[in-house]
Amino acid sequence: MTKLRVLQPGMLTSVQDRGRFGYQDQGVPPAGAMDEYALRAANALCGNSIREAVLEFTMVGGSYEFVEGGSFALAGADMGARLNDHGLPLWQQCKAVAGDRLTLGWAKRGCRLYLAMSGGIDVPLVLGSRSTYLSGKFGGLHGRMPVTGDEICSQFGQEKEAALGIFSPDWIPSYESCLTARVILGPQQECFTEKGIATFLDNEYAITSQADRMGYRLEGQPIQIKGIADILTDGVPAGAVQVQSEGQPLLLLADRQTTGGYAKIACVIGADLWRLGQTKPGDLIHFQAVNLVEAQAAWRDLSKLWNRWVRS
Amino acid sequence: MQEVRILPAGDQALLVEFGRHIAPELSANVRALRQSLHRIPINGILDIIPSYASLLVEYDPSFVSSEVLSAEIRRRLPLKTEELERKQELFVLPTIYGGEFGPDLDDVADHAGLTAEEVVALHANRDYLVYLIGFTPGFPYLGSLDERIAMPRLTNPRLKIPGGSVGIAGTQTGIYPSESPGGWRLIGQTPISLFNLQADPPALLQPGVWVRFRPVDDMEFTLIKQQVTEGTYRIDRISHD
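For the record, the sequence lines run as chains A and B. Quick note: the first sequence, position 287, residue 885 per the working numbering, numbers continuous. Quick note: the second sequence, position 97, residue 127 per the working numbering, numbers continuous.
Hint data in this document are derived by calculation from the structure and do not stem from the laboratory. The model shown is predicted, which means the values in this text are computed figures rather than measured ones. Heads up, the beta-carbon is just placed ideally off N, CA and C, and yes, glycines get one too. Just to be clear, a hint being listed does not mean it is correct.
The calculated lysine-lysine pairs, modelled on DSBU-like cross-linking and capped at a C-alpha distance of 30 Å, are [unchecked claim]:
1) A/K902 / A/K878
2) A/K735 / B/K110
3) A/K902 / A/K735
4) B/K190 / A/K878
5) B/K117 / A/K735
6) A/K878 / A/K793
Here are a few chain B residues that sit away from chain A, every Cβ distance over 10 Å (derived from the structure) [as the list claims (entries may be wrong)]:
7) D41
8) R50
9) E55
10) R69
11) P80
12) N155
13) R156
14) I163
15) P167
16) S223
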């Protein structure tokens, strides 16, 4: 069993797994890791099932002490990770002994870093998931961010899969500060003028400081709406781009409200969703329209890669 | 009923639309399809979000294509809704109106050209259908409000609304189950807890049930609130057959 004591919890740290599904009809957002790619990599490198929970660090990671040692893996944004005085590599399994100190600074590239511990983090399942839903104050570590003095343990005696030994350098993603996110237009594109849709696709939108796990408020050329942007409240998928009355887009992510009453001009495709978790305020997003065939082919390719990690 | 539309919402969800307005028969169709998808599931569906007149069906395209899923859903139409259109269980929710519990009651009254007492009488003296649970855990969207007391949302939403607050937005009324930000006009508060992680399902109210607000005074509100905390309060439920 690995045990980590929190010395400094970082800017926004939480326990996350893939998310809480099956309760959106109860108004419960899925939550889950903002970057599923890094979540899966970190788990695979520890020999964990993809269902296990990890720690998600945002912008600044914080510092931690291993009360009990064990193996772990870091994947995602480069936060200049150090174990005592040594730099730590990302995207590979590492080992710590009791007394080691893990320090994670500011994200140099990307926004979020994931720490998986061999066995997965030991917090109770709430509605089938270990993910923290911060505004609902449930899931993860007592429904909140870790604070100084908290101890985070791995599960004892979990059956382990063979750990992914080598993470090919080809699999390590680069995090760009100007991201192209592919979208499927709709389901309410008829609420927008042709000019409005062209504006949305031809311009870059900056992520404002109003960006959290719920979603990112974007800023750029206003998108022209036909009449009003209000629709009859309906379900909101991950990556939906709502446009509110003033014509600015709002990108909805892991902790999004389950339903909403603003028209959705487009939705980011599944294969690109995880990249949004590595963008931060000031970064630019360019939306590129694709069709379902292309989107789902990209998803199948990504799924194949993810499956290789757990089978190799 | 107009033709059912099935639209992609990204590459991993389909929006099944029975219509675009609030109506009990559209809601019955939504509930019927949800029931059908629960009873005979389609492989690849990950989650379903029913709302007023549509369902968002989330799926994994590695397991089912949008064409197959869409065809499977169409094959189940039209749905049998007679049973679901009948009035079912009614929950009576004690509610204190106005004052600190309903800071917008006077504004709603002014907007309606009525007294606060008349607004309360119009709000409480009516049975509401629970159309959907959405927005935040356990939040019920209820309809329809008497047109005379309908009022648009606040222009500047509040950052903090106490749990149990009863609000108005257009011709909808709803209840904030827990403290949250929000823009509905607050006219009262219920001491009843609407979301419980230990319950299955966790939301007290489910689409298809009915709600009636029963005005209570300060003393009764405090008493019930204490009973709710102690777990001794029994919610008044009336079943309709």
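Against the structure, the hints:
Restraint check for A/K902 and A/K878: satisfied, since their Cα atoms lie roughly 28 Å apart, inside the 30 Å limit. This hinted pair does not check out: A/K735 and B/K110 have alpha carbons roughly 39 Å apart, beyond 30 Å. For the suggested pair A/K902 and A/K735, the alpha carbons sit about 35 Å apart, so the restraint of at most 30 Å is broken. A distance of roughly 26 Å separates the Cα atoms of B/K190 and A/K878; the hinted pair therefore holds under the 30 Å criterion.
A C-alpha spacing of about 35 Å is found between B/K117 and A/K735, which places the hinted pair above 30 Å, so the restraint is violated. Between A/K878 and A/K793 the CA atoms are separated by roughly 28 Å; this keeps the pair inside 30 Å, and the hint holds. Distance check for B/D41 against chain A: the nearest CB is about 4 Å away, which does not clear 10 Å, and the non-interface claim fails. The Cβ of B/R50 sits about 5 Å from the closest Cβ of chain A, inside the 10 Å cut-off, so the non-interface label is violated.
No Cβ of chain A approaches the Cβ of B/E55 within 10 Å, the least distance being about 15 Å, so the stated non-interface status holds. With a closest Cβ-Cβ approach of about 15 Å to chain A, B/R69 is found to remain outside the 10 Å limit, as its non-interface label requires. Against chain A, the non-interface label of B/P80 is violated: not every CB pair exceeds 10 Å, the least being about 6 Å. No beta-carbon of chain A comes within 10 Å of the beta-carbon of B/N155; the shortest separation is about 26 Å.
For B/R156, the condition that its CB be more than 10 Å from all CB atoms of chain A holds, with the nearest at approximately 21 Å. Chain A draws B/I163 into its interface by the beta-carbon criterion, the shortest separation being 5 Å against a cut-off of 10 Å. At roughly 5 Å from the closest C-beta of chain A, the C-beta of B/P167 falls inside 10 Å, breaking its exclusion from the interface. Distance check on B/S223: its Cβ is at least 14 Å (rounded) from any Cβ of chain A, clearing the 10 Å threshold; non-interface status holds.
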